[in-house]
Amino acid sequence: MRILGISCYYHDSAAILVVDGEVVAGAEEERFTRRKHDSTFPKNAIRFCLDYTKTAPAAIDLVAFYEKPVKKLERALAAARPHGAAADALVDWHLADFVHRGSRIAEDIATVLGRTVPVEFCEHHLSHAASAFYCSPFEGAAILTVDGVGEWATTGLYIGSPSGIEQLKEIRYPHSLGLFYATITSYLGFEVNEGEYKVMGLASYGCPTFDREIGQLLTTSSADGSFRNDLEFFSYMFHDRKMFTNRLVELLGPARKASEPITERHMNIAASAQRLCEAALINLARAARRETGIDCLCLAGGVAHNVVANSRVLAEAGFAEIFVQPASGDSGSAIGAALYSCQMRTGSPRKPALAYDTRLGPAFSDEAIVTALDEFGAQYERLEPDELIAETARLLMANFVIGWFQDRMEFGPRALGCRSILASPCSAGMKDILNARVKRREEFRPFAPAVLEEHAADYFDHPGKSPYMLFCPKVRPEKAAVIPAVTHIDGTARIQTVAKEITPRFYALIDEFRRLSGVPVVVNTSFNLRGEPIVCTPQDALKCFYGTDVDFLVIGNCVVSKPF
Amino acid sequence: LSEPSESHVPDPKTTRADRERLLQIADEMRGPAWLRQVLVTIAEEGSQIQPLNDDRSDLPEFIYRH
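Chains as they are written, first to last, in our numbering: chain A, 828 to 1391; chain B, 472 to 537.
Derived by calculation from the structure, the hints in this document are not laboratory data. Don't be surprised by glycine CBs; every beta carbon is placed ideally from N, CA and C. Be a bit skeptical, because a hint or two may be false.
[Said to hold, decoys possible] Pulled a few chain B residues facing chain A out of the computed Cβ check, cut under 7 Å: (1) R492; (2) L506; (3) L523.
Go ahead and model the full structure; you've got the sequences and the hints to work with.
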């Protein structure tokens, strides 16, 4: 059975293809259109899925959509109603969204596929839940989904078992942990659905001196894990362009404009908001543990990208193991919707995933790469695989910054060794070089380490694996000075453990770097410029390479250099 | 009043298709009666509802609308 999973029309639209219960291809639309967080119908991603797998449109049995548009409209209108005329603009927007987007899904699909295909609409949080559980290695698990909002739900608790997924509880809009964090993101002058990472990074620089004030925004109950937002401080229920009311400004002081400098007060507010988010998530997870009695947890929804909170849940909530869907935002919901539909249609007991692989996107042959390099007039050398590894490790040792383009593109927001920028972690100045000259982003933002799996415990206080950069453990104190470029100000690092059997070439490179330096770690950051999606094609990689201070581009078996 | 620009003139063919689609959804939906009435109403007034702008420049505002 071939099922196409689609998410779109909010942010990070994506398409994926499931064949006989296995995810075989997928990509976010932004990678093709080069518009970050592109929300448009993912026609390019659908075409990629079909082309890559040589699947004819006629072979698609079903399309699974990641949410229910009618129910979403119901929520938007019902939530806006008590606010009367103040909500007119928001209501107008939602009506237009439904008339011109939500109600047209089946037509859009038929246009792209050239035929009418049955469409199933999966609840938004069920899509998240399925994206985590069906990609996890667990036979059974408690499943927690936490985001801004889907239709009505903002948080869901489920049980996953071989026979399917059963919902236990949900918290409904307007009470939302994701929208609480998004509101603070907006208050601090960052873009919602983009700047949450910045708030998390900034929090480490502050002291949580605003705990009393921030605590008024969201109250938690340790009895059942639930939380409630104090709606006096929030305006997202009725305002179409603003997330907070003047009451929040009275409570915390003036909101920061994007152009204003970041002060200690902003850092302290971020620290208190982060702390409350962590407490609320731990509370939810502890309740999930108590209610299900299961010691494996699956996490998904946008809040599950908060790696600092994930680490605390792992350490404090009582679960033995946690699987976080690497694409926990809405793009990953396309995976969940398709896998859920597949399970429902086939009815066969679900088998635990062996090792979920995010490499679902386009790959390029050596010939295609060489053609692109020649068309660009690039200066390059083609090497044998062993020479390529040795040369790249040598360049890293010499403190050069490397663009690393290999294999299939990853699905989800993290580059895990296929579309990455790599550097030595041993240089204290490397973080500033990468932030200022390569990524062109805020100086407070940290960089992540990729570490050989079997050496991870020597450097980081993290039990087990972390192949998707979704946990942020402490760097062992004796190692912090060894890898300063990846040690955040609070002594943590968002680690990726690299296994030989998953990404052999990336593993070989880090291993060679270890042989030369004694350090089994490299800096791994996504191959993109600030404000742009991660590169997809060799052409994208070359444009990014020549547009930044990346020193060398290692693409396929070629090493591209710049004229010095 | 100024004349609407060409791009804002509703396409009658699209409006008819909108109406039929929305009425079908209203007919098949399982939500509350008031929502069914909303769908019937916007089906009848569909030509007044302009398409949204998906341009990148609209994104910072667009994303606040949950």
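- Which hint numbers doesn't this structure obey? none
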